[in-house]
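Protein chains in written order, with numbering that gives the first Met the number 0: chain A, 0 to 99; chain B, 0 to 289.
Calculated from the structure, these hints are not laboratory results.
Computed from a predicted model, the values in this text were never measured in an experiment.
Check before you lean on any hint, since a few could be wrong.
Stated by the list, open to error - Just the calculated beta-carbon pair ranges, DEER-fashion:
1) R279(B) - A55(A): 25 to 31 angstroms
2) G21(B) - I33(A): 46 to 52 angstroms
3) V239(B) - R50(A): 18 to 24 angstroms
4) E59(A) - A196(B): 53 to 59 angstroms
5) I125(B) - P57(A): 50 to 56 angstroms
6) L90(A) - R141(B): 30 to 36 angstroms
7) A86(A) - H34(B): 30 to 36 angstroms
8) P40(B) - R50(A): 35 to 41 angstroms
9) E49(A) - V239(B): 50 to 56 angstroms
10) P99(A) - G35(B): 38 to 44 angstroms
11) V130(B) - E49(A): 30 to 36 angstroms
Said to hold, decoys possible - To give an idea of the chain B side of the interface with chain A (calculated C-beta under 7 angstroms), a few residues:
12) R17
13) E23
14) L24
15) L27
16) V28
17) D30
18) D44
19) L45
20) G48
21) A51
22) W53
Note that beta-carbon positions come from the ideal geometry of N, C-alpha and C, so glycine has one too.
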Amino acid sequence: MEFTEPGVLVLTSLADGPKHGYALAKDIESFAGIRLGPGTLYGALSRLEERGWIEALPAEDRRRPYQITSAGAEQLSGYLKTARQVAATGLRRLAPKLAP
Amino acid sequence: MTRSWPAGLLLAYPPEWRDRYGEELELLVRDLRDHGRNPIPMAFDLLRGAAAAWCGTKRGFIMSERSRQALITVLWSWVAFAAIAAWFGHDLGIYPTRSIAQKIAISHQVVPGAYHVLFGVGIVGIAATAVAAAPFALEAARYAREHHRNSIFALMAVPPLVAGIWIGVVQLIGRANSTSHMTVAVLWLLLGLAGIAASTQAVTSIVKTCDFSRTTWRIGAGAATAVAAAMLVGTGATIVWGLAYRASQGHNAIGSGWLIVTAIMAVTTARAVIALIGARRAQEPAPAVA
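Extracted from the complex, chain A is given alone in its bound form (with noise of 0.2 angstroms):
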């Protein structure tokens, strides 16, 4: 997965609880700045669903809120920790070039 990956942005908004897709879309916004089409932000949601890493919950005013299980969970867990890794000797190797 890449960092900027919608699949990566959703599963990080869903781990502070349910949303549906307007409340992700503005969560995913404020958190990374970055704005998801809404056929980009389906399509993930789409995917997740199909791999068991989101669920679906009953809809709320016609809204259907979408929840992360266990194994996206864990999925998203070890993706930001191999990411934390990456930033880490990324930033440390750029810090003498970057140094004033």
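Since chain A is already given, all that's left is putting chain B on it; use the hints.
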């Protein structure tokens, strides 16, 4: 609710994807529009999402049971129709007389010869069946290999084996040109019908057992529609031909044979058409996106 224009692009998504996510996605588009999101980038995003949904359509799509049953119904209807039409078409070619056929052609010029129409129907039906048979056979073989189901290979062998044996023996009977062989010929004809039924049953079992890709099901549905349309045309032509013949020769000129043939054609055609309409209306199951 008035649908905003980007939401109209939902029609570009695969139907089963739309069945599952369409309403939610439409609401999201509306919410984003209400909160000032520019519709043009949204439209491009929806189109890209639709393309991804089509590309991500997964193999091993599970056909709804009703659609699967519809294909089987069309297959059996077509086999019964083809058998009766072949017999009737052959009968038309030699019966009653060339002069009567010419008389009908002169008095009812708009009525096409039922024989020629049935011949055309046969070609269309056989071609459609062959076109559908190829992908189904390939995928059934793949399924049998992956699941170690040798019984499916055995079922696949039934139609060509039956056809080969039957045609071979017909050749032998044809060479032995004596009256004593007539009984054998009639018996072999009846066994041929049993062989056709056995072959159809074998195909039915394969269709019921194996998983096929969406593309294969689509080819099957297209072939079934073509076959049903051909059956409709054949039945119509036979009815028109019979009525024209009746009008030109008097009410008792045509025997009960035509009525029986027409009734069988009409029933098998109606079965096929109703099954296809029912399948079209049936809800497809679960989303099929990778």
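Structure-based check of each hint:
1. Between R279(B) and A55(A) the beta carbons are some 27 angstroms apart, a value that agrees with the proposed interval 25 to 31 angstroms.
2. Roughly 24 angstroms separates the CB atoms of G21(B) and I33(A), a value that falls outside the hinted 46 to 52 angstroms.
3. The supplied range of 18 to 24 angstroms is broken by V239(B) and R50(A), whose beta-carbon atoms lie about 58 angstroms from each other.
4. Distance hint check for E59(A) and A196(B): the Cβ-Cβ separation is about 55 angstroms, which falls inside the suggested range of 53 to 59 angstroms.
5. Between I125(B) and P57(A), the C-beta spacing of about 51 angstroms keeps the proposed range 50 to 56 angstroms intact.
6. Roughly 50 angstroms separates the CB atoms of L90(A) and R141(B), a value that falls outside the hinted 30 to 36 angstroms.
7. Between A86(A) and H34(B) the beta carbon distance is about 32 angstroms. The supplied range of 30 to 36 angstroms therefore holds.
8. For the pair P40(B) and R50(A), the beta carbons lie near 27 angstroms from each other, so the given range of 35 to 41 angstroms is not met.
9. A hinted range of 50 to 56 angstroms for the beta carbons of E49(A) and V239(B) is consistent with their spacing of about 52 angstroms.
10. P99(A) and G35(B) have their C-beta atoms about 42 angstroms apart, which keeps the hinted 38 to 44 angstroms range intact.
11. At about 31 angstroms, the CB distance of V130(B) to E49(A) agrees with the hint of 30 to 36 angstroms.
12. The criterion of a C-beta within 7 angstroms of any C-beta in chain A is not met by R17(B), whose closest approach is roughly 11 angstroms, and the hint is violated.
13. Below 7 angstroms, beta-carbon pairs count as interface contacts, and E23(B) has one with chain A at about 5 angstroms; its hint therefore holds.
14. Because the smallest distance between the Cβ of L24(B) and any Cβ of chain A comes to about 5 angstroms, under 7 angstroms, the interface hint for this residue holds.
15. This hint holds: L27(B) has a C-beta 4 angstroms from the nearest C-beta of chain A, less than the 7 angstroms allowed.
16. This hint holds: V28(B) has a C-beta 5 angstroms from the nearest C-beta of chain A, less than the 7 angstroms allowed.
17. A hinted interface residue such as D30(B) counts as satisfied when its beta carbon comes closer than 7 angstroms to some beta carbon of chain A; here the least separation is about 4 angstroms, so the hint holds.
18. Restraint check, D44(B) versus chain A: the minimum CB separation of about 3 angstroms is within 7 angstroms; hint holds.
19. For the restraint placing L45(B) at the interface with chain A, the shortest Cβ-Cβ distance is roughly 4 angstroms, inside the 7 angstroms limit, so the hint holds.
20. The interface hint given for G48(B) holds, since its Cβ lies 2 angstroms from the closest Cβ of chain A, which is under the 7 angstroms cut-off.
21. Nearest Cβ of chain A to the Cβ of A51(B): about 5 angstroms, under the 7 angstroms cut. The hint holds.
22. Below 7 angstroms, beta-carbon pairs count as interface contacts, and W53(B) has none with chain A, the closest being about 11 angstroms; its hint is therefore violated.
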